[in-house]
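**Q** Got chain A sorted already, so can you dock chains B and C onto it with the hints?
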Amino acid sequence: MRLWLNHLRRTPLVLFLILYTILAGGPFLWVMSMSLRTTPEIFDNPYALPVRLHWEKFANAWTNSNYGTYFWNSLIVVVTAVALLTLIGAMAAHCLARYRFRGSRLVRFVILSGMILPPQLLILSLFQILLDYGLYNSLAGLIIVYVATQLAMTVYILEGFFAQLPQDLFDAARMDGYGDFEIFWRITLPIGVPAIFTTITLNFIILWNEYLYAVVLLTDDEKRTLPLGIMHFMGGHQLDVGMIATGLIIAIAPVILLYALFSETMIKGMTAGAVR
Amino acid sequence: MATVTIEELSKHYAGGSEPAVKAVSLDVADGEFMVLLGPSGCGKSSVLRMIAGLEPITAGTVAIDGRPVNHVPAKDRDIAMVFQSYALYPHMTVHANLAFGLRRRGVPGDEIDRRVRGVAEKLGLSPFLARKPHALSGGQRQRVALGRAIVRDPKVFLFDEPLSNLDAALRVSTRNELIKQQHELGTTTIYVTHDQVEAMTMGDRICIMNKGEVVQIGKPLDVYRNPADAFVARFLGNPPMNLLPARLATSGDRAVARFADVTVELPGYPLAALKPYLGATVTLGIRPEDLYEAPPPALSVRAQQIATRVLAVEPLGAETLLMLTIGGSSQEIVARIGRDTALRIGDAATITLDPSALHLFDPTTTKAIARTA
Amino acid sequence: MAESAAPPRARRVAWLAGDSIADSRQAPMRTILLFLAPALLVYAAFTIYPVLRTFYNSVHTIGPRNVQTFVGLDNFAALLTQDRVFWKAVVNTALFTVVGTIGDVLGGLLLALCLFAKVPLARTLRVVWFTPVLMSYVVVGIIWVWLYDYDWGLVNLLLGWLGLESWQQSWLGDPATALWALVVTHLWKWLGFNMIIFLAALHALPEEVLGAAELDNCGWFAKLVYIIIPMLRPTLVNLLVLSFIGKMMMFDLVWIMTGGGPLWSTETVSTYVYKRAFNWNTFDLGYPSAIAVLWFIMILLFVMLITRLLRSRDRLEF
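Residue numbers (the working numbering), protein chains in the order written: chain A, 849 to 1124; chain B, 67 to 439; chain C, 336 to 653.
No wet-lab data here; the hints were simulated from the structure.
Check each hint, because a few of them may be wrong.
Unchecked claim - Below, in silico cross-link-like pairs of lysine-lysine (DSS-like), each with a Cα-Cα straight-line distance of 30 Å or less: (1) Lys433(B) with Lys285(B); (2) Lys221(B) with Lys141(B); (3) Lys88(B) with Lys285(B); (4) Lys188(B) with Lys246(B); (5) Lys221(B) with Lys277(B); (6) Lys198(B) with Lys1116(A); (7) Lys246(B) with Lys141(B); (8) Lys1116(A) with Lys558(C); (9) Lys610(C) with Lys1071(A).
Given the structure is predicted, the values throughout are model-derived calculations rather than measurements.
Same shape as in the complex, but just chain A (with noise of 0.2 Å):
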């Protein structure tokens, strides 16, 4: 495609490029600048490279601010909601990709259209559904309700990869002897590694940031995630530009140091919903 360039003045190209990574990377470096600085200092020029690194500020939202809890408070929240939708999902996937049974298409098309199914149908019932079964404001109860949510999704991406592999491989199984658990646990989850990542991916990055289930479904300040904790905290200090960025830092340096290390499979991950 060398013929683009021929094409093209390369200036006009070259200028909207910087620009725009500019555009894209600049918001997040001003972010962990204002994260190292007092608001003091970021109210005199908010633009400005930090003098001196104030790095207790980490410490001090971490543990004042309860910005710590709600850390870990996410961190359980996803870990476990995505190690469950792999398992559950993956059983699921294996089963229709592998599988001819009656009533296979209705299931599957039952579970795929979950997927286009807008929130706002399924929260407020939630809300009720929870309080009736005492699982409301508990981490255990999000917890439940998002391995629901992404569950389509995940389905639909597995199934879509466990299809094409080859049958001539599960046959040879067979013949060795093997039996259908067997065969899922030792052939399919192996082989399936990568779409497996793909959709711890997608799922941990969707679910980290996710906003409304949690807003509706926790109350307790010590079962906030960080999305709720860094609203509520922006609630009652608005002004403290400093101490909100420092929680920004923190709530995003999970995925940003993931990024940095496996940034082609989170592309891939997060985009996996949308290309077959």
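**A** Chains B and C in isolation, oriented as in the chain A frame:
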């Protein structure tokens, strides 16, 4: 070691208009190498899969050692299968691939290791035991697939076109390797292929299938020399047998066939056998190798000469193929002659044919006309 | 000894017991149920049941302590005829969705084309440009609230440097600009996503076709319009629909940045549902459920309409 008996085996796939397999019956003797040969879609793979237990049987029985196994799951039939795509477990080493089936059967660990190493040694795979399939060449993968079957020491081996993914040279050497292994082990083997060379060289007997039915079963050379119908006649042999329409008539007390201004005698067919066809048109077959440029001295006295014109010459190195038209007609035949020919396109050539090598087939049923009344 | 398919008793036995059947594509029902049960149970209890219950709620008034009164289609009637806020929210959401979707898809295509042109560092740029997609709306929202700040926000600051003082606004405080400010933020977050998808689609285009076009003396613009875009059509339609659905359901961004204000200029259907359910002086879950149901039906109809309008020969998947 076991016999395999198939009776009236049928398979109908849901949504298919025709059954894929129609009442196939076959007896494989203990230790025999039986080849199922046929074009794509003839049902041979379906038969194999039904024997293996990977495909449900619509009708008929499969029996191993006399015991019907229709409802016995694949793993309990004591059968090992080598797949066309090898189906090696990509995430396991060669050693693990070979050991996989044994572990399941409760064979003790050191016994497994012993057997795996033994088979690896036999097939020249010892240096690769720690590698994963993606690090192996096609030929090596094929041997691992074979090894996986051998190490199980089953009653029956099933092969589903195992050589089709190999290049030509590798195919020949692997073919010989397979034959050698099977002879040493003496295990009953059923081998599916569409390649007639494999069938001819490997099988103790071959079973030719077409459109879901068995057409002929017999020793390779018997089937080659006495094809049961026109399909078999053309399927075996390269280039395929020439088939042309011919009219039968009598000449004195003998029957003769007339095609394209040529009259030939039919020493292989007594007059009584041809009674129903006299005066009618039948299909006449002659193999390209039974047409000669210069008659070999050993040929029978009744060798006949026909006038032809050369349409095309294909020198293959060791021999030459000629495309000829007979006499003044447009009937084309192919002849296979020696490498030292001076014939060119457009030449008139006199070709000798061996009348005792002629085959006759019923024009409507395409079956071979019997040589006895 | 010819047997036809397994006698009924044998089939039933296989149903309950046994590890495998003589068919590699089947398993006993028991096994299949075990594989599917966890997923189906969770799904039934926490997705299907809530949806049904929402429909049930929509024809009731659900007061405190779960006092339920059947009201038939009253909620819907009130919604359609008397609720001005609802209709304002619908208009806002529709505007947000239409403009946002077009901007999203075109912007994503533009970015993809830029990177497709084999610019240096394309891989790195790709990674950087994708970053906003990974951030939560809380992070994105707060950052842009600051950027839009009238006094010290970067947007107004830049306008000042460029000598465009007259353009400085209270972006989120002015009902005329608030919605569009949200659209810009939303685009900032999502352009990278569409870019990646378009990049993948562009790379999948057959080189030979583009080469042939070059030989046919096609300039870059002609190539773009006559060849690339038509060949990207399935991807385009897919993304349009995906983007559309996502924006129709948008809650987080609006709630975090403006809460629906000022003066309902950014009120969307989803924020309105939330408000009616949890921030209203009377507690009634029935009415907001009706809103949700109505909105879901409207989304479905829009999607079917768009799909029908833009449907190419390829099957649409999302």
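**Q** Which numbered hints are broken by the structure, listed smallest first?
**A** Structure breaks no hint.
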